[in-house]
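Just so you know, the protein sequences line up as chains A and B, in that order.
Be aware that the first sequence starts at 3, since it is given in my numbering, and climbs by one per residue.
Be aware that the second sequence starts at 3, since it is given in my numbering, and climbs by one per residue.
Quick caveat, the hints were computed from the structure, so don't treat them as lab data.
There may be inaccurate statements among the hints.
Any copy, or any two copies together, can satisfy a pair, since identical chains are not distinguished.
Here are the simulated DSS-like pairs of lysine-lysine, each with C-alpha atoms no more than 30 Å apart in a straight line [unchecked claim]:
| no. | residue 1 | residue 2 |
| --- | --- | --- |
| 1 | K51 | K26 |
| 2 | K194 | K26 |
| 3 | K105 | K126 |
| 4 | K395 | K331 |
| 5 | K325 | K26 |
| 6 | K331 | K51 |
| 7 | K412 | K228 |
| 8 | K226 | K105 |
| 9 | K51 | K412 |
| 10 | K331 | K126 |
| 11 | K412 | K194 |
| 12 | K331 | K194 |
2 protein chains.
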Amino acid sequence: MPVLVMKFGGTSVATLDRIRRAAKRVGVEVAKGYDVIVIVSAMSGETNKLVGYVNETSPLFDAREYDAVVSSGENVTAGLMALTLQEMDIPARSWQGWQVPVKTTSAHSSARIEDIPTDNINRKFGEGMKVAVVAGFQGVSPEGRITTLGRGGSDTTAVAFAAAFAAERCDIYTDVDGVYTTDPRICDKARKLDRIAFEEMLELASLGAKVLQTRSVELAMRYKVKLRVLSSFEEQSDDAGTLVCAEEDIMESNVVAGVAYSRDEAKMTLVSVADRPGIAAAIFTPLSEVGVNVDMIVQNISDEGRTDMTFSCPTDQVRRAEKAMVDAKARGDINFHDIVADTDVAKVSVVGIGMRSHTGVAAKMFRVLAKEGINIRVITTSEIKISVLIDRKYMELAVQALHDAFELEKAS
Amino acid sequence: MPVLVMKFGGTSVATLDRIRRAAKRVGVEVAKGYDVIVIVSAMSGETNKLVGYVNETSPLFDAREYDAVVSSGENVTAGLMALTLQEMDIPARSWQGWQVPVKTTSAHSSARIEDIPTDNINRKFGEGMKVAVVAGFQGVSPEGRITTLGRGGSDTTAVAFAAAFAAERCDIYTDVDGVYTTDPRICDKARKLDRIAFEEMLELASLGAKVLQTRSVELAMRYKVKLRVLSSFEEQSDDAGTLVCAEEDIMESNVVAGVAYSRDEAKMTLVSVADRPGIAAAIFTPLSEVGVNVDMIVQNISDEGRTDMTFSCPTDQVRRAEKAMVDAKARGDINFHDIVADTDVAKVSVVGIGMRSHTGVAAKMFRVLAKEGINIRVITTSEIKISVLIDRKYMELAVQALHDAFELEKAS
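One chain only, chain A, in its complex shape (with noise of 0.2 Å):
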């Protein structure tokens, strides 16, 4: 039999009438001739809850407990589905991530999956088992302890189950009918785009356009995994939401493809840095050693052998940052008079394969912005993508103008 993975998010298993509205969609896989795998998020809110009360307990908490406590929504979710298929007399049996098992690093609360053996599952499938239904976002490392994926880890989860399986499709069911220009809540010229680039969604997912984690697009486009994007909240037709897929197999595109933003990122700077050489690695290595993703980077011009050294990493991490920025100044490593942080910015971004053989991209983003009134605090490029930091009040009004500037609403 083919085999199928579909992944349903938070928002469609937010109550027991989504469940079965997933399910049925199920229904509809499993009567076409597919085994299907059906990997499931937390219902919405729960993983937050959970989160909170870790937070709440210890603010710098132990990761290996956080993920214990914070995949036991997937648990609920999974055999909550796996009853419901049964109840519509469909075979089919709920899997938690060490029962697979989904073998991780130890990497607690953002580890990577190694290895998905597919014995235990075929073998259901052999004896007649239709649907599995896969808690998604967790596995367990080779200590037996359970970890987690890290936020929206259950897309990566769909696809490595995708991959090890060699799955005809992987299905994203989500609360949105497919990926856009930009975030339709705060530009209403946005535009649903039939298919999309591995590279431009991975800068997409990577920017903060929630629809699909990045490293879920990473593996995809690494085990050539076609990946659709579609709404649980629609009656769907077969060629229904975006399909993430290679560059190849995309006629024509818009030079920028969309424009995407995060909130969550803040901006830190260390003030007056003693700027000698290896300063940067004496920075950066304690704050990855602990964990944090630092994004952009920017250094002053020296001033009488001094710098401000500024960074962005995400908001959740600053008091961890700033932690290990004073711990490191109190093993005499690194030197600084003051440490600030800022999360009152945002980051937007314009993405597109087409910058690579367009120039003037990064010039006209300025140039409207500019316009607008907007200041840039911070800047970085990529092959495919020009980011900036700004002004968070000014997030909606940057996305709006750069969406009507690269006419974004227009299909090319």
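Starting from the structure of chain A, add chain B where the hints point.
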């Protein structure tokens, strides 16, 4: 190091503040030099919420999926308790049932513990860990699926760990400060007992005095585990609460130790059953096969070859019992005119090991109820208890009248 088992029920870990309070109690015992095994329930309300989800999804649920869902609440508390202890600089980690592993039978939703290997946890104690926090109520079947031990199963988990680790004592922290002669909420003369015999506690537990789960008392009796029930909401001395112990450890006791009641009992009557040899077996075998816990049984005097058969079972098993009876009738195994379920009843019992050597307790009980005008529907007796099924509306009156008549407010 001597080992102490401390179990905290749902109300004792209902909020993060209460978890902190419980953790402080654990810290007191750690300071005395104990290696502590903490068994936790789900935060109160959580398990009921999950059971509600399952029942709504699938009234005749697959118990394997039920277990996968409802066991998740304990995992959350275990992680949070470990984090709280770590914040107090007490080395601690959490263990889910499958991680220990708590090996159980495959009887899902009412599994029995078969073995608790001690090597994993003892190795950690050897490495300096002071507290092992274990998720109560759950285990793992020989097939590697999650099992649960039935409601209140965390008590059983606690006693089983106390037996396996040869613990000095098993302290059950709950929302009451000990075992009472009856429920103080419905009888203000209820008196706390300093000690109670295992056998009495066993009857009280099985009769609905929800302080301890029946099987936990059975286990404690078999393995001679010193079991103490005490409040997590009061400052505790070393002799607080009620000690559940062997009969010979109690110097003097009243003939009747306590009055118990249960609202969760339903009366079912099979009307006009063909009365023939083997009819009882034909009725109660299918009930036991679907897991209905029949408690009291009364067979009316036969009239023209037909009789009424009345039995009681937990109210939440009524649907299951009805289906089993209708199926047995359809198979031609039994024959009856009608099946009537009455959930508007309650069971009231008097319990005491002194009844073994004193006569007249039953007669006195019936006189007291008659004087209050309370009709007795069904009677059942054992060596140390007498139970009656009465209309639920008379339950509180019956308990108060019996408490008075047997002078339970006075210590022996």
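Hints versus structure:
1. In this homomeric assembly, K51 and K26 come within 30 Å of each other (Cα to Cα) both inside a single copy, at 28 Å, and across copies, at 24 Å.
2. In this homomeric assembly, K194 and K26 come within 30 Å of each other (Cα to Cα) only inside a single copy, at 25 Å, whereas the closest approach across copies is 55 Å.
3. Taking identical chains as interchangeable, the C-alpha atoms of K105 and K126 lie at most 30 Å apart whether they share a chain (19 Å) or sit on different chains (23 Å).
4. For a Cα distance limit of 30 Å, the shortest separation of K395 from K331 qualifies neither inside one copy, at 33 Å, nor across copies, at 72 Å.
5. Taking the shortest Cα distances, K325 and K26 sit within 30 Å of each other only across copies (27 Å), while inside one copy they are farther apart (49 Å).
6. Proximity of K331 and K51 under a CA criterion of 30 Å is satisfied in neither setting, with 35 Å inside one chain copy and 49 Å between copies.
7. Within a single copy, K412 and K228 get their C-alpha atoms as close as 25 Å, which meets the 30 Å cut-off; across copies the closest is 77 Å, which misses it.
8. Taking identical chains as interchangeable, the C-alpha atoms of K226 and K105 lie at most 30 Å apart only when both belong to the same chain, with a minimum of 21 Å there against 41 Å between chains.
9. Proximity of K51 and K412 under a CA criterion of 30 Å is satisfied in neither setting, with 40 Å inside one chain copy and 48 Å between copies.
10. In this homomeric assembly, K331 and K126 never come within 30 Å of each other (Cα to Cα): the closest approach is 56 Å inside a single copy and 34 Å across copies.
11. With identical chains, the CA atoms of K412 and K194 are at most 30 Å apart within one copy only, with a shortest distance of 10 Å there and 78 Å across copies.
12. Proximity of K331 to K194 under the C-alpha cut-off of 30 Å is found in neither arrangement, the shortest distances being 49 Å within a copy and 59 Å between copies.
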